[in-house]
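Q: Each chain is listed here by its residues.
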Amino acid sequence: MMIDVLSDQKRKIHPHKFTLWVAIGSILMMFAGLTSAFIVKRSQANWLMLEIPVIFWYSTAAILFSSVAIQLSLKALKQRNMLGYRRWLVITAVLGIIFLVLQIIGFIQFGDQEIKLIGAGSNASYSFLLAISGLHGLHVLGGVITLIVIAIRAVSISNRNYSSVPLEIAATYWHFVDALWIYLFIFFNWMK
Amino acid sequence: MSSETILHGHTAGEAVHTHDDHADHGHHHEESFLTKYIFSQDHKMIAKQFLITGIIWAIIGGLFSVLFRLQLGYPDMSFPVLEDIFGRWAKGGRISNEFYYALVTMHGTILVFFVLTAGLSGTFANLLIPLQIGARDMASGFLNMLSYWFFFLASVVMFASLFIQTGPAAGGWTIYPPLSALGQASEGSKLGMDFWLISMALFIVSSLLGGLNYISTILNLRTKGMSMTRMPLTMWAIFFTAVLGVLSFPVLLSGAVLLLFDRNLGTSFYLSEIVVKGEILPNEGGSAILFQHLFWFLGHPEVYIILLPAMGMVSEIMSVNSRKPIFGYLAMVGSLFAITILAFLVWAHHMFVTGLNPFLGAFFVLLTLLIAVPSAIKVFNWLTTLWRGNIRLTPAMLFAIGFVSLFISGGLTGIFLGNSTLDIHLHDTYFVVAHFHIVMGVASFFGMFAGVYHWFPKMYSRYLNNTMAYIHFWVTLVGAYLIFWPMHYQGLAGLPRRYTDFSNWQSFNQFAGMNKFISTVAMIVFAVQLLFVFNFFYSIFKGRKVKSQNPWGSNTLEWTTPITPGHGNWPGEIPEVHRWAYDYGKDGREFIPQVEPVGADESKH
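Keeping their order, the protein sequence lines are chains A and B.
If you count the first sequence from 1, you need to add 140 to reach the working numbering.
If you count the second sequence from 1, you need to add 87 to reach the working numbering.
Do not rely on the hints blindly, as some may be mistaken.
Unchecked claim - No farther apart than 20 Å at their CA atoms in a straight line, the calculated lysine to any residue pairs in the SDA-like style are these:
{"no.": "1", "chain 1": "A", "residue 1": "K152", "chain 2": "B", "residue 2": "F446"}
{"no.": "2", "chain 1": "A", "residue 1": "K256", "chain 2": "B", "residue 2": "E371"}
{"no.": "3", "chain 1": "A", "residue 1": "K332", "chain 2": "B", "residue 2": "G372"}
{"no.": "4", "chain 1": "A", "residue 1": "K157", "chain 2": "B", "residue 2": "V292"}
{"no.": "5", "chain 1": "A", "residue 1": "K152", "chain 2": "B", "residue 2": "I361"}
{"no.": "6", "chain 1": "A", "residue 1": "K256", "chain 2": "B", "residue 2": "M315"}
{"no.": "7", "chain 1": "B", "residue 1": "K632", "chain 2": "B", "residue 2": "E645"}
{"no.": "8", "chain 1": "A", "residue 1": "K152", "chain 2": "B", "residue 2": "V292"}
{"no.": "9", "chain 1": "B", "residue 1": "K311", "chain 2": "A", "residue 2": "K332"}
{"no.": "10", "chain 1": "A", "residue 1": "K152", "chain 2": "B", "residue 2": "M601"}
{"no.": "11", "chain 1": "A", "residue 1": "K157", "chain 2": "B", "residue 2": "L306"}
{"no.": "12", "chain 1": "A", "residue 1": "K152", "chain 2": "B", "residue 2": "N307"}
{"no.": "13", "chain 1": "B", "residue 1": "K311", "chain 2": "A", "residue 2": "K256"}
{"no.": "14", "chain 1": "A", "residue 1": "K157", "chain 2": "B", "residue 2": "N307"}
{"no.": "15", "chain 1": "A", "residue 1": "K256", "chain 2": "B", "residue 2": "N351"}
These aren't lab readings, by the way, just hints derived from the structure by calculation.
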């Protein structure tokens, strides 16, 4: 009976992890909706070709490295290397913030090039770039806040919980927003 | 502090899922009024919160329909009392055009989203999932609580929009741009529209949180022995409903976000070369059809989000009260699955005449008509479940049978409307109004009523009053047909929707008497719904007490809990399941509960 229960536990995915995967499916549908709207709109009249500034390549690199960092943090936690765990966790959060800042700078640069993203005279192509990247940015921001909460818990003395589940869930989400941005970045460069 | 309690709640919840040695868990918590009735994480309380909020919304939404039916039925009369209540919206006692549009829009929004989505699947998914699959609670009680409170916030915002000076959104519940995108285009496109969008965004968050929970609970927390194919059909229906919601609501959200951009940031996603009141707008290159695609990609699955839970409950109630196994269990599951898939592939049949490529329309006609196949399978199985059954006509059973009747009558007109050529004549007429009100509105309400009558004893440990229930059923059934049947004729004659007054049209004058008749019946039916509401609240406190643990002689797990289950549902261990939910009239026994082991002389199910 006991063995039965144990093997049952092992086979089954943690319910919160599973919930996250369903949520990822849901978020994917939202961006599928947006990018297919982009494709529909692109085939119609009055479409400007997108010029993607170089700075977006840097932000892409930042979020890529952050994925590596959170993986290292998770590895350290599983080896009970708490110092490494906290260090890589903070590095991940910082890289996430750097990503967001670089994205914002990128959009400010459009203004310098006199490309209007919103308001009179704006073209839907650039508005799409702003709306889609902005929504992605909000998802990254949610991830950063989660990481900060986990980091605060990690340094708090009263916490003696070494469960890796919260970080595993956060890491899955983080890899997801990373992969989502890679998809969007390739999509924008390819579809223009 | 609060986050610590939440954490504690989580770990307790997780511990429970290990199935053993938690006999002492549940209903011994010290609960304050606040944690028990307001910020409850118990799925049963959350279900009641959804139901009662839904009932309040249904009264408001129904009252709106009475108001605009008043205008349609008696266009030449004035009702000074309306001016007393609504002021300039009903000057001279007649409903103004702006007010009429606002009423129609809010009637649709409230009933589709707040009553038949949140009120129906919110109530019964929360109540039934843990009880019928054998779980202590949802996968995450906290997310579940958040789901209700996001719904509550959405309700507050929508309710507030009724009171702003320029009125609530008034461009129809489908909020097509450019009308909804331009504040200068109409009163209802001003602040009311922003409130509508904010409220819907909150509502979408609520549905997603709920849906995530329903899916992961059904897939992960089933008790020992409860394989997927042993689940009652209610569970399958709610599962597919949640899948539909989780995959389609985000698309509406993206459409709404782009609309918010167009409204407030001057972008041109949906707007193109428009002149409003002589003013040439700077927007160019937008596509209004784009919004329709994004909207209906949710909008069509939404129809099934409303209908599937009703179908599931009807299947369960019909089998219990026919004392017969459901006919074709796997065919029922398969047809639910087929409907779920098809729901995503037919959205453009709402757009046949809005400028959609006619070539594309042909494919959508085919896919739309394909829905007739799983629907017919379901109807066949319901009828064969009734066939030679030992039928008990409880109020729940009557509503379940009424559901099938309405589903057939409403479904048949769907075959007309699914044809793009016929749609040229029928679109935007009362034929459409009659079709979707019968098949989706009234039918789903019948499923919901069936569910309320059937599971009220589980919710409040008391019965609803039967006499009031029978009056409620017969008046509602007859009334629904008397209201919507004539509308088919009006629609075939070309009577358009969304018009406040037909008396100026020679060709539509003939319907004045019919409109008066429809309006009168609508008011009677609305009054009878108030009788139900009275019955509901009266019976919570004064209804006949439930004395037996299993009043309907039902097989499913919720009737193995105590008459008033505490938080955690079962005081001891969660029961183990040995058979499917539909062993009725088997081996000379009236019913065999799911918890009873399979005997030596039986084959496994």
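Q: Next step is simple, just say for each hint if it's right about the structure.
A: Status of the hints after comparison with the structure:
A threshold of 20 Å between alpha carbons decides the hint, and for K152(A) with F446(B) the separation of about 47 Å lies outside it, so the pair is violated. Between the alpha carbons of K256(A) and E371(B) the distance comes to roughly 13 Å, so the proposed pair stays at or under 20 Å and holds. Taking the CA atoms of K332(A) and G372(B), the gap is about 16 Å. The hint holds against a cut of 20 Å. Distance hint between K157(A) and V292(B) is fulfilled; the C-alpha atoms sit about 19 Å from each other, no more than 20 Å.
Annotation: proposed proximity of K152(A) to I361(B) is violated, straight-line Cα distance about 56 Å (limit 20 Å). Between K256(A) and M315(B) the alpha-carbon distance is near 54 Å, which puts this suggested pair outside the 20 Å criterion. For a cut-off of 20 Å, the pair hint linking K632(B) to E645(B) stands: about 17 Å separates their Cα positions. Distance restraint check for K152(A) and V292(B): the Cα-Cα separation of roughly 27 Å exceeds the 20 Å cut-off, and the hinted pair is therefore not satisfied.
Note on K311(B) and K332(A): the hinted pairing is violated, with a Cα-Cα distance of about 53 Å set against a maximum of 20 Å. Only pairs whose Cα atoms come within 20 Å are accepted, and K152(A) paired with M601(B) is rejected, the gap being roughly 61 Å. Taking the CA atoms of K157(A) and L306(B), the gap is near 12 Å; set against the 20 Å cutoff, the hint holds. For a cut-off of 20 Å, the pair hint linking K152(A) to N307(B) stands: about 7 Å separates their Cα positions.
For the given pair, K311(B) sits about 60 Å from K256(A) by alpha-carbon distance, which is inconsistent with the 20 Å threshold. About 11 Å separates the Cα atoms of K157(A) and N307(B), which keeps this hinted pair within 20 Å; it holds. For the proposed pair K256(A) and N351(B), the alpha carbon gap of about 15 Å is at most 20 Å, so the pair holds.
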